[in-house]
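Asks: Taken in order, these protein sequences are the chains called A and B.
The numbering used here puts the first residue of the first sequence at 79, with every later residue one more than the last.
The numbering used here puts the first residue of the second sequence at 79, with every later residue one more than the last.
Rather than coming from a laboratory, the hints here were simulated on the basis of the structure.
We treat Cβ as the ideally placed atom computed from N, Cα and C, and that holds for glycine.
It is possible that some hints are incorrect.
Claimed, not checked - Covered by chain A, per the in silico footprint, the following chain B stretches (three or more residues, Cβ under 8 angstroms):
hint	stretch
1	150-160
2	191-197
3	256-265
4	339-351
Now for the letters of each chain:
There are 2 protein chains.
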Amino acid sequence: MKSDLDHLMKENNLDALLVAGPAGHNAAMTYFTGLAHLTHGYLIKKRDQEPVLLHPPMERDEAARTGLKLKSLNEYDFLALLKEADGDHIRASSGLLKQILEDHAVSGRVALYGKVELGGFYGALRMLDEAMPEVELVGEPGMKSTIRKARATKDVEEVERIRAMGMITTSVMGEVAEFLVSHDVRDGVLVNEDGEALTVGDVKRRINLWLAVRGAENPHETIFAIGRDAGVPHSTGTSGDRIELGKTIVFDIFPSEAGGGYFYDMTRTWSLGYATDEALKVYEDVLEVYEKVYAAMVPQKPCRDIQLLTCELFEEMGHPTVLSNPKTEEGYVHSLGHGLGLDLHESPAFSQAESNTDLLLPGSVVTVEPGLYYPDRGIGVRIEDSTWMGPEGKLEILADYPKDFVLKMRSS
Amino acid sequence: MKSDLDHLMKENNLDALLVAGPAGHNAAMTYFTGLAHLTHGYLIKKRDQEPVLLHPPMERDEAARTGLKLKSLNEYDFLALLKEADGDHIRASSGLLKQILEDHAVSGRVALYGKVELGGFYGALRMLDEAMPEVELVGEPGMKSTIRKARATKDVEEVERIRAMGMITTSVMGEVAEFLVSHDVRDGVLVNEDGEALTVGDVKRRINLWLAVRGAENPHETIFAIGRDAGVPHSTGTSGDRIELGKTIVFDIFPSEAGGGYFYDMTRTWSLGYATDEALKVYEDVLEVYEKVYAAMVPQKPCRDIQLLTCELFEEMGHPTVLSNPKTEEGYVHSLGHGLGLDLHESPAFSQAESNTDLLLPGSVVTVEPGLYYPDRGIGVRIEDSTWMGPEGKLEILADYPKDFVLKMRSS
Chain A
79 MKSDLDHLMK ENNLDALLVA GPAGHNAAMT YFTGLAHLTH GYLIKKRDQE
129 PVLLHPPMER DEAARTGLKL KSLNEYDFLA LLKEADGDHI RASSGLLKQI
179 LEDHAVSGRV ALYGKVELGG FYGALRMLDE AMPEVELVGE PGMKSTIRKA
229 RATKDVEEVE RIRAMGMITT SVMGEVAEFL VSHDVRDGVL VNEDGEALTV
279 GDVKRRINLW LAVRGAENPH ETIFAIGRDA GVPHSTGTSG DRIELGKTIV
329 FDIFPSEAGG GYFYDMTRTW SLGYATDEAL KVYEDVLEVY EKVYAAMVPQ
379 KPCRDIQLLT CELFEEMGHP TVLSNPKTEE GYVHSLGHGL GLDLHESPAF
429 SQAESNTDLL LPGSVVTVEP GLYYPDRGIG VRIEDSTWMG PEGKLEILAD
479 YPKDFVLKMR SS
Chain B
79 MKSDLDHLMK ENNLDALLVA GPAGHNAAMT YFTGLAHLTH GYLIKKRDQE
129 PVLLHPPMER DEAARTGLKL KSLNEYDFLA LLKEADGDHI RASSGLLKQI
179 LEDHAVSGRV ALYGKVELGG FYGALRMLDE AMPEVELVGE PGMKSTIRKA
229 RATKDVEEVE RIRAMGMITT SVMGEVAEFL VSHDVRDGVL VNEDGEALTV
279 GDVKRRINLW LAVRGAENPH ETIFAIGRDA GVPHSTGTSG DRIELGKTIV
329 FDIFPSEAGG GYFYDMTRTW SLGYATDEAL KVYEDVLEVY EKVYAAMVPQ
379 KPCRDIQLLT CELFEEMGHP TVLSNPKTEE GYVHSLGHGL GLDLHESPAF
429 SQAESNTDLL LPGSVVTVEP GLYYPDRGIG VRIEDSTWMG PEGKLEILAD
479 YPKDFVLKMR SS
């Protein structure tokens, strides 16, 4: 949680954090600013001190709404720096950063944050590193970084925002189910009022619409994959594909607050009208593993152990997994889930790597998403919910939704 | 244009480009992949050679759709590298990049690209730099970088995609105008059927909805600012503000293709019902400058000269500008426009800095957006269109829309 930042900085031997970039779609910055329309800026957080936001002068009103201590970038003269640097933007940017750090008496180990264009920053920071021997610029590893560690557990306000996104998400999922089952069927394919086949693209356009109406955005698209596509976990589906009865449909939806805030993430797998015996067996195996793994998710449990348990359960059922073959593209081919918050994927991680020491803790918000994939048989099944471990250590689905596999068509 | 890449690489003395990150909302990557659901990856483009996309194995179908030469990241063993590095992610990432570069026989000057988390990459790249003396990692300055230079002129396919976004944008603008003027008015304020005051937040929700229906997304929000807010160029407006007659409303809308593709950008300023004489005068001044500047935008013209001309025209009319006072927050306070494409702001730049040598060229897609701001008088006016300089050197508004200032209410 945010309140852990100072002691995490101490643990990682950091004197300051330097966050760069816009306030939206840039989790490290949004973590401090909240959702705000700030196109760029810097945030400096020294250990045991209040953060300071440096903002463009034109965005002073938006900056003021963050409630942070402010400083306008107008107080620095970038044009003069650029002239001094003979028009060399990288040198001028490096000079600006030097002035900012000196102004705030920053020295020691400074960790870098922000989703920004790599090229220019890499150049400017290398120069800064040479120009300020009293500063050591630190690139902390993504998932293990100080801010990520703080974000690995959520406070109640964050959980409520994720839950609100969950309510939107389940409501859209319900609309999609209703939309599908209310269609007519011709030759095993869903058709609209004009007798034309409904396509994956049609469904996705509706999803974006229903999300927008509810004030959500969909920065990473939606997975709506049928048949063979369903068997490839990250295939988002083929726009022109028709919606056929009796085929597995993996519907994985992960919208965020409009402007680039908190995410929700869930998946249901459906078979319209009826299911083949083969697909039903795969579905039941996934559901059984979901329930067993869920029951094993208790406080202080290493996330790696949860992933290993998931693999073992699937292997006992005779499915190949990444445990016996890390490169398998059949069976259980990914990890059990991931932390969820301002990024779709954040800490804790469920990687099976021995170096993964992440624990499930009160305050964790994680997805639970076992799945099985058999692309050559045209079958893919994944069941996913976003969950929160409350202060008492009980895991809770933040926004529940029925786990039915077969959706009966209204017309039949 | 993309076809300029090899000779621009030669000009900048580059042997290769290394692009990192996802395929959406990451212009340097999207430039090569097109819109694709790739959560991360690397692209290597050696001079005079076809680019190669390294993609996560689970996303092989999406990768195949890009039409690029492919290599699966499955061919590298990150878990082994992580073990070798005792769980140090930065060292392992650096090792992975080393293997990838060696595999593709990359040496010499390699320019870095991609919108990614700064911290981890900075650390890994510094290590890589030491581990591969045959490689020089180059951070090119944002706007002057090789890929940005290529992107500074658009081919016909790109222009048509931007124009299509323009058609969506003008159509939404029309819906908003119609929505506003069809409201009833009570005590000078727009009210809905229940007699409740319409707010800026209500209008914005409609805008997002109307964009989503048309297959667009709105990653940077919309500016819908009234009264004093209109006088602060980057204020997005206050959600709870009521819509009053006779106040300037700056409506600046800049959506992109869903998934993170090409943008459109336009602004209209409206005064509902009637306009005050004071606001009307400001509006007429902006429109006059718009037309004069537009006429001066001819091929090979330095963009800086266009900005200086804009300032001079406003100063002749008695308005303060950034020419006489670079830090003014009244009058004309920004630059005339910006390049537009996969990023909302790209080359060419209209900065007044002496180092700005960008030219307006056939193939340029730029916004034209003079404006005047008087926050203390509650007045802001900006008129903006996105334009394309065609092969014959003629500037064309990509999607036109009436420039009326006063919108008559239907009820009056």
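Asks: Against this structure, judge whether each hint is valid.
Replies: Here is how each hint holds up against the structure:
1. 150-160: Since 3 is at least three, the answer is holds.
2. 191-197: The restraint on the stretch 191-197 of chain B holds, since 7 of its residues have a Cβ under 8 angstroms from chain A and three suffice.
3. 256-265: violated (count 0)
4. 339-351: violated (count 0)
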